[in-house]
Amino acid sequence: MSELLVRNGFVYDPQNGIEGEKADISISNGKIVESVGTGAVVIDASGMIIMPGGVDIHSHIAGSKVNAGRILRPEDHVKDVERHTAITRAGTGHSIPSTFTTGYRYAKLGYTTVFEPATPLLKTRHTHEELDDTPIVDKGCFPLFGNDWHTMEYLRQGRVEECAAYIAWMLRATKGYAIKIVNPGGVEAWRWGRYLVGLEDKVPNFDITPREIVRGICKVNQLLHLPHTIHVHTNDLAKIGNYQTTIDTMDSVRGLGGDNRPLIHITHVQFTGRTGSAWHNVGSGAPEIADYVNKHDHVTVDMGQVVFMNTTTMTADGGFQYMLYQLSGNKWFNFDVEVETGAGIVPYTYRRTNYVNAIQWGIGLELALLIKDPWRVYMTTDHPNGGDFTKYPKIISWLMSRKAREKSLARINSTARNKLDLPDLDREYSFSEIAVVTRAGTAKALGLKQKGHLGVGADADVAVYDINPTKIDPSRDFRLLRRALRKAAFTIKDGRIVVKNGEIVETPIGRTYWVDSTVSESLKSKVEADMRKTFTKYYTINMDNYAMADSELANSHRINVKAEV
Amino acid sequence: MTVLSKKIFPNVICTFCGSTCDDLEVTVEGEKVLSVRSGCSSSLSKYLNYRADRNLTPLVRKNGELQETSYDDAIRRSAEILANANYPLLYGWSSTSNEANRVGIELAEWVGGVIDNTTTVCHGPTLLGVHDIGEISGSLGEIVHRADLIIYWGANPVHSHPHHIMRYTSMSTGRFRLSRKDRKMIVIDVRKTDTAKLADQFIPITPNGDYELMCALRMAVRGDELEQDVISGVPAETIEELAEAMISCQFGVIFFGLGLTMTEGRHRNVDVALSLVRDLNARTKFLIIPMRGHFNVGGANEVSAWVTGYPYAVDLSQGYPRYNPGDTTAVDVLVRGDCDAALVVASDPISNFPVEASRHLVKIPVITIDPHPSATTPISEVVFPSQIVGIETGGDIVRMDGVTIMTKTIVPAPPGIHSDVEILEAILAHVKKIKMGKQ
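Line order of the protein sequences matches chains A and B.
Final position of the first sequence in our numbering is 546; the numbers increase by one with none missing.
Final position of the second sequence in our numbering is 442; the numbers increase by one with none missing.
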């Protein structure tokens, strides 16, 4: 069978304690192995860095909301096009690239796994159609809970086990991978055009608070033994002073777990890390949040880093998007999903000279630099919200180089610069730490044991970058670093070379991961009987037409777990 | 002799209009549909008569006449026409599955043509309005549960979407709105339609007066004073009352049809309608939803957008997607006489397009894939019979509000007849061979 030998590179595999040692990586049948035969295809990686393929934990790449963004913004695509070739499909960028282009661009960055972090249950069939048309990378999606009537009703009545069985049914029906919570309770309020504040406001008509929803679903997540924690976009996103809501949300689930395993992932913390009382005194809450994360093992976070550019903001938090429309005056898309959730989209330009935007830029970087353990903070832009994913090399350079940060700091709004702690932070990430925040840590947080490392038995997803760590100091030569990271010398997916010298050479279809958590037969049938009654009343679609079959996915990869209930 | 037994299929998804109701109960015996329960007049006629009037064999024009031919010959001939064309048009796509659309776009990439769907002659202006303003929308269940004010503007669902009002709007039962009396229904149209007869209030307007009326309404919602006494045939007092009804409702919605998109002003009408609803959200909760016609016109837009970035009228002649409605739209491409071949899938442009466009279509080789004979089939160079989506073959389709559902096969197709997906894949494979050979 096909064998590959990646020779003589500097290997960064933090999970296996390998930090830039010269080594060979042997690949056979799509897996990392001890050694290969003499017939193996040899890739000469001399003077290059070898890492596991990148694993993105949070990137909006597929589904009805992303596609609505594409439809909303022809002006985003017109200057960024991809030509059809004998190997690759045509497509467009920019901040919301078409599906094929998305797959190719991730592969060129050396990424091989991407998770779409917000899909409405009712519309997840669409999300999977798009994921099927997103080539090369492995993928999965996080269905949205926490504003859905079933969850809120079960939890209000204290029926946590039945809620667990319902969520297990939904994950199976939607082929979902993890539980996403967006503005718990707040999106149901927004479906009336209303807002909740903090964790203690009652959801209209449902007599439950965001705190109770988050805690309840966190318990469900543990009962179901899902590989990832709950993945939470907190209440009060983008509001001034919201860092406290973020800390309160983290703290609301403290003690719910038995061991030191993480219980909650707070996503794109940059958007929920603001201090202050009005727009003129907005500041960074990164020090407070980082302090909490440093002292508590049960939390992981990702950055949601802002890059100065024109991009497309999109979230299930429809109310937030309405506020952003009012602030920016840009065009506004809103979509409310019956029974379940919502969505909003607003094009937005982050300007370095804008005080608040510059603070936002600083919050993301401060978080990554102040949280001591890289295994619990991950690099994202919340693509495309803070900027598109092709800007990752730039962010890596900011993390690895104080000089790169100073260059950017010199050009941002001066009031913001004076207010941020960022100029005083001298930490610079090592290549190993970069490997953690972009692949090893994310794979671990997602519970993907075969990803994010290069140990024997791991999936042969490998990135090779043309940069010599013994000759190039990323702190000083950050531009060389960026250039090397933008176009991987080689990307290997399941043992096949998919990118060579930054160009696509093969386009296999990646897997779609989803989780099947089995609950006891009696609980399952009881909850299904309940749902049959409520479904007819709640939905405009029959329960039988709602659930997806395994065969609907192009490359379905089910992960079986056994629930505690 | 085989004894056929009756089979009952519950929860069948109707593939007629954009409502795509999923509660039909269809009884079949072999290939025969015996009965349809819960269907509207449109779905009854579609399902009970699906076998009548069909294309049954592939046809190819030889010596000026359409003659029966083999499937393989028709595939070969089609691939040659498309692969050798300079600037082919690939049109239709709204009455077939997402899967067929996915293959269709790849084919367009290989032959370097323009791919456009029927949006171009119905809600194209809606999408142009969305590009300008945005969209404030929701799934139909939101209307069922919450809406206390329902406005139909330039739309007549009693005829176009017969179960729409019962299942999704004024007459539906929701969590927070139990019955018809919990909702107010207003119809705005140029004549008293059958939909208007069901409304609490009918506001007649002068034809092509939508833009002015909508602007006046927008002023009234903002609290500006109207200077004229009558606007588009509607007294200023009525407009002010309507604005007040919109502001004071708890959850309102406007459904609009071709009465807005295909009358004077077109996308400007949609612009101002979307702006009005956007403004209203500062005062209350308000959505706006277009009444999409074909059962999968939504899917044609969605697939086109996720593959190319653009929802219709995509020109791939340069190798990358280009979008310029008015230039890359099917009718314009035809009227200019630019395209030198056409593929028509599940559509009948000859009977729907302006005559200048049809005039060019008859001059060029046309390949038609359709279950039924149409005005387009007799002018075609190649005709493929195909399976009917939702009856003889399955596939994903997108409801008018953007919800994707999967249709299933309920009866076997006539022997030798393939699905759109199979036909398109076969043509694509052959086109690839020709193109790779040339390289």
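It should be emphasised that the hints constitute simulated quantities derived from the structure, not laboratory data.
A portion of the hints provided could be inaccurate.
Derived CB-CB ranges, DEER-like [said to hold, decoys possible]: (1) A/R539 <-> B/K35: 36 to 42 Å; (2) A/G179 <-> B/S354: 27 to 33 Å; (3) B/R286 <-> A/L308: 14 to 20 Å; (4) B/K65 <-> A/N291: 34 to 40 Å; (5) B/A432 <-> A/R539: 26 to 32 Å; (6) A/L308 <-> B/Q204: 35 to 41 Å.
One side only, chain B facing chain A, incomplete, derived with CB under 7 Å [said to hold, decoys possible]: (7) D25; (8) E112; (9) S142; (10) G144; (11) M174; (12) V237; (13) A239; (14) K288; (15) E305; (16) W309; (17) V310; (18) P324; (19) Y326.
Stretch-level coverage of chain B by chain A, calculated; a stretch enters the list once three of its residues show a Cβ under 8 Å from a Cβ in chain A [what the hints assert, rightly or not]: (20) 128 to 134; (21) 147 to 157.
Glycine included, each C-beta is placed from N, C-alpha and C at the ideal position.
Against the structure, the hints:
1. The given range of 36 to 42 Å is respected by A/R539 and B/K35, whose C-beta atoms sit roughly 39 Å from each other.
2. For A/G179 and B/S354, the Cβ-Cβ distance of about 60 Å falls outside the hinted range of 27 to 33 Å, so the restraint is violated.
3. Look at B/R286 against A/L308: about 18 Å separates their beta carbons, and that is inside 14 to 20 Å.
4. Between B/K65 and A/N291 the CB atoms are about 56 Å apart, so this pair departs from the stated range of 34 to 40 Å.
5. Checking the proposed 26 to 32 Å range against B/A432 and A/R539 shows it holds: the Cβ atoms sit about 31 Å from each other.
6. Look at A/L308 against B/Q204: about 36 Å separates their beta carbons, and that is inside 35 to 41 Å.
7. Because the closest C-beta pair between B/D25 and chain A is about 5 Å apart, less than 7 Å, the hint holds.
8. Using the Cβ-Cβ criterion of 7 Å, the hint placing B/E112 at the interface with chain A is satisfied: the shortest such distance is roughly 4 Å.
9. Checking B/S142 against chain A: minimum C-beta separation of about 5 Å stays under 7 Å; hint holds.
10. Among the interface hints, the one on B/G144 holds; its C-beta lies about 3 Å from the nearest C-beta in chain A, closer than the 7 Å criterion.
11. This hint is violated: B/M174 has a C-beta 14 Å from the nearest C-beta of chain A, more than the 7 Å allowed.
12. Hint status for B/V237 relative to chain A: violated, with the closest Cβ pair at about 27 Å, above 7 Å.
13. The interface hint given for B/A239 is violated, since its Cβ lies 28 Å from the closest Cβ of chain A, which is over the 7 Å cut-off.
14. Because the closest C-beta pair between B/K288 and chain A is about 3 Å apart, less than 7 Å, the hint holds.
15. Below 7 Å, beta-carbon pairs count as interface contacts, and B/E305 has one with chain A at about 6 Å; its hint therefore holds.
16. For B/W309, the suggested interface contact is upheld, since its CB lies about 5 Å from the closest CB of chain A, less than 7 Å.
17. With a cut of 7 Å, the hint placing B/V310 at the interface with chain A holds, because the nearest CB-to-CB distance is about 6 Å.
18. Given the 7 Å rule on beta carbons, the hint for B/P324 holds: about 5 Å separates it from the nearest Cβ of chain A.
19. A cut of 7 Å between beta carbons decides the hint on B/Y326: the least distance to chain A is about 6 Å, and the hint holds.
20. Only residues whose beta carbon comes within less than 8 Å of a beta carbon in chain A count, and the segment 128 to 134 of chain B has 3; three or more means the coverage holds.
21. Only residues whose C-beta sits within less than 8 Å of a C-beta in chain A count toward coverage, and the segment 147 to 157 of chain B has 3 of them, enough to reach three; the restraint holds.
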